[in-house]
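*Asks:* Each chain, letter by letter, is given below.
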Amino acid sequence: MVDPTAEALNGRCLLIVEDEYLIATDLARALEERGARVIGPAGSIEGALSMLGAHQQIDGAVLDINLRGERIYPVADALRARGVPFVFVTGYDAWGIPDAYASVPRLEKPVSAPALVRLLR
Amino acid sequence: MQDRSSDSLVPTDQELLRLIVESAIDFAIFTMDPNGITTSWNPGAQRLLGYRNGEIIGSSVDVIFPPEEGGSAAAAEERRTALAQGRAEDERWQMRKDGARFWASGLLMPLADQNAGFVKILRDRTSQHRAEEQLRESEERFRVLATNIPQLVFRTKPNGERTWPSPQWSSFTGLDFAASLDLGWLEAIHPDDRDATQAAWQDAQRNGEYYVEHRVRPAGSDEYLWHQTRALPLTHGAKSGDADWVGTMTDIHELKTLEARQQVLLAEVQHRTRNLLAIVQSIARQTIKSSRSVDEFAEEYESRLGALSRIQSLLARTDSDPIDLRELVAGELEAHGHASPQASSKVKIEGSSVLLPSSSAQLLALAIHELATNAVKYGALGQRSGQLVVRWGVDKDSAKPMAAVEWRETGVAMPEGGRKRRGYGSELIERALPFQLGAKTKLEFRPDGLCCEILVPVTSKERRDG
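First to last, the protein sequences are chains G and F. Okay, so the first sequence: first residue is 0 according to numbering that gives the first Met the number 0, each after it adds one. Okay, so the second sequence: first residue is 0 according to numbering that gives the first Met the number 0, each after it adds one.
Keep in mind that the hints were calculated from the coordinates and are not lab data. Treat the hints with caution; some may be incorrect.
Claimed, not checked - Listed next, with one range per pair, are the computed distances between beta-carbon atoms: (1) F:P414 <-> G:G34: 11 to 21 Å; (2) G:D98 <-> F:P456: 41 to 51 Å; (3) G:S49 <-> F:I287: 31 to 41 Å.
To be verified - Covered by chain G, according to a simulated footprint, are these stretches of chain F (three or more residues, beta-carbon under 8 Å): (4) 263 to 275; (5) 278 to 284.
Only a predicted model underlies this, so the values are computations on that prediction, with no experimental measurement involved. Even glycine gets a Cβ: it sits at the ideal position worked out from N, Cα and C.
With the rest of the complex left out, here is chain F (with noise of 0.2 Å):
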């Protein structure tokens, strides 16, 4: 065994210990009596604190302490609390000779001789503590955003495990924090949307954006709410695969709502539209079959499309809502030149305001037109004598309320030989009016004119435009 003392290519414990607080600049390593005044200061002290070991050594350390930290008070305290618990740390403001501050973390001990004072290693932090003050501060500002603003916020892993759900999520979907962490939040989505709400996160990461639309359930309700769901990674760019994530949920409800609406009233349109071509189509065969000549087609057909025409107008201008019958008369008789009964002493219209379901008034606008039309050719609106009186009654306690509706003309000189005139008026009476609206019709050509009785089922329910 060599004597390492005697080995001068081995440094003693000493030598060492000299060598390592020597190099260490990046730590200022200094000692102090027990009063605090400077016994030794290493080549980190001079570079961190800006005093030269002559300059300091001699003097109280305690000019490092700002007097805003407490200066020598803070200092003696500190020497205090060394010797009480063997060691002091603390992370505070320190000053330099020329009065700069720099934020560092401290270290004072004892030396194993107490009466030697004390040793105290220091590190500067400043720019640690300044990124860290930063991120306190990002993280307050997006804590402040996340619990205030009426989107559920939520932080996620990529594969969309949890991290941090908002308050606001919380509240919404009674699911609490710990709840929500991981997958539990899925706990909220529709059952029939967590599979399409999982796998877009796969998409999310080739997207480098997370998007879904799904339904979410509020807190003590099972109504589903339509929500828009949107994620972006913390970090953009594709080093930082596991990332953060920060998202949104949007209450689309409504939206959602008006576009299914939407998209029924579209299919109605579509239907009545195809379904109006379709008769304007049966209109124009039938009219053909019966014309004798392009200028009687023109005529009659012209005539079949004003009445079309005419109920259109009413039926846009009511929706849904029921067709007085008294106005599908009126308007039919006007068409004809027979306004009202003021104006027509030919034409008497007796009966109280009786309600259609908007589907029937098509078909009944067209038998009336063509009761019209054959009154001012054959009939009472064509001769001299003649007289037309339309009236209806309505037994309403019926379950089934039906309106029987009379048209009666009177005073018509018959055409001779009982010729009876059986074309697309007819037809629409004694066939379309039973097969279409449950209707029961009489159609009779008496010797003094026309009589046609229609029993048609009416509506209970009330006009909404009053």
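Isolated chain G, as found in the complex (with noise of 0.2 Å):
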């Protein structure tokens, strides 16, 4: 079978930040092998913030919202004056969510790669 999102993301410069290692790989490697480069998985909200100083290109991004105990709101904030879209791949349910990000595409984990593939596009 082939995977319709294949190669979706051509050339696309991605922005991961997770602080679950493995749940980051995971969401790297299914970003790389449909063509995305990938810039962190930054596991912190300083070393994301950091990133996106490091980065003149960044296409988009995808946060986790609760990085040991932080919320990622600032990054959330840099992201939007800088205008690169983002999805939340989260645990939480939209109550948990502040209204002023409750209109942000949100995947609930597990992640389906093809669906976070679909709303990078």
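Make one complex out of these two single chains by using the hints.
*Replies:* Below, the structure written as structure tokens:
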């Protein structure tokens, strides 16, 4: 069977922020397999913000909401300010998310790679 | 100008007065001489008091004062007052001929010629009096109830303007009676809740019931407490659109706080569960990649899920408390058939109790599991001469205390050609632990066995379960 999402992300530079190594590498692999260039994964807010500073080209981002008890929102705000689209990949239901981010596309863990790719295309 | 007395169609003043007195049957109107002897008696008096003209005229009218009201002495006292003040008004029980009492509103006035005596006008107000007494009683019952229940009671107009705040309200909020009237009470409501509090009065008109949850500030405090406020109109039905409403405010702060805490906990459980599922998924993918057969996959996958499940039970037992490194290591070795130093001469665990943040425990457990599995398959736990020592020490004085853990296998015949198995375990130790826990790690395949060093942050937090 051919994955209809294969190569869907060719040439895209995508930032991943996720503090669980196993989940982060899974996400990175899924995106790379479809042609993306992955920035990160970053495992903390601080790490993510410094990656944002170091990379001119970022076409999109995949963000976990809870990073060792810290919330991702400063990173989301920085991405918004740069006009970079992003999606949340999270274990939280919608009511756990503040209104300001209610419109952000959200995938629940565990994530299906094709669903993620469709959101990032 | 006509002579009025000669016009038979127009009554004289005398005649007019007689007509009024005769027809005013709701009023007892009678006259008496200075000593209380009846001199005239109208039909209203006969109806109200039961005596006919002939029975009472010429006798003392004091018989209408029942003994418990003071009898004739009270009647004489009333005449003295009327003489002194020009009139004597009273409300009191009076007595009919048949002995029945009725509540009367009375007026006694001296006639213009004081020697002629007095005129008395009496009206039966028994039913009004009973109604007033019932109202007083029910208001007293309300007051006793309203001032003794723990809720804050109030009376209000349908638009939320208060007409009566209970003393409990005043002592709770520090707003006295006058300050709470009209919309003054809103001062004690959290500014963010005032709009909703007022808007609820509009809903109340439609629903016939007022309901709102809002924060109320106790006197001398900045910490608002959640209250549930309900109110109902005093009279049911549509006709009384401006009837008073009565309401209560109940402290629901603890309930609200618990509710909020429950939401946080639920969100946390969601987060952990879904993360765990994602990790299970990731382990499956990795295991598939390195397996050459379904049997091999099944064995490895089950064994890894076993490790994941063991650390979950450890985590579940202590909630968010730290995990003891010793329990973690001993648990993994036990799962591989090496329970304790006594039971296994091949294994030594050396290290005092060291606490790991619960957030670190899961990944570290998976890494230790890989080391143990590897040792059983290719290393010290699978070879007769092999020995394993797991030891650690902590520099507790450091601002960020770290445990230096050493996993040292000896007496192992390493595979020919220095074959190095760089599999899942290596990835966990060399990449995952540094990424996720900020650990420093080193993995060496020495000639006599594997040596792994892990420098991992530990917690200075004490365990709550002791």
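*Asks:* Regarding D98 (chain G) and P456 (chain F), is the given constraint of 41 to 51 Å on their beta-carbon distance met?
*Replies:* violated (35 Å)
*Asks:* Could you tell me whether the CB distance from P414 (chain F) to G34 (chain G) stays inside 11 to 21 Å?
*Replies:* The hint (11 to 21 Å, Cβ to Cβ) is violated, given that P414 (chain F) and G34 (chain G) are roughly 38 Å apart.
*Asks:* When you take the CB atoms of S49 (chain G) and I287 (chain F), is the distance between them in 31 to 41 Å?
*Replies:* holds (35 Å)
*Asks:* With a cut-off of 8 Å between beta carbons, are at least three residues of the stretch 278 to 284 of chain F near chain G?
*Replies:* holds (count 6)
*Asks:* With a Cβ-Cβ cutoff of 8 Å, does the stretch 263 to 275 of chain F contain at least three residues near chain G?
*Replies:* holds (count 7)
Hints 1 and 2, counting from the list given before, are not met by this structure.
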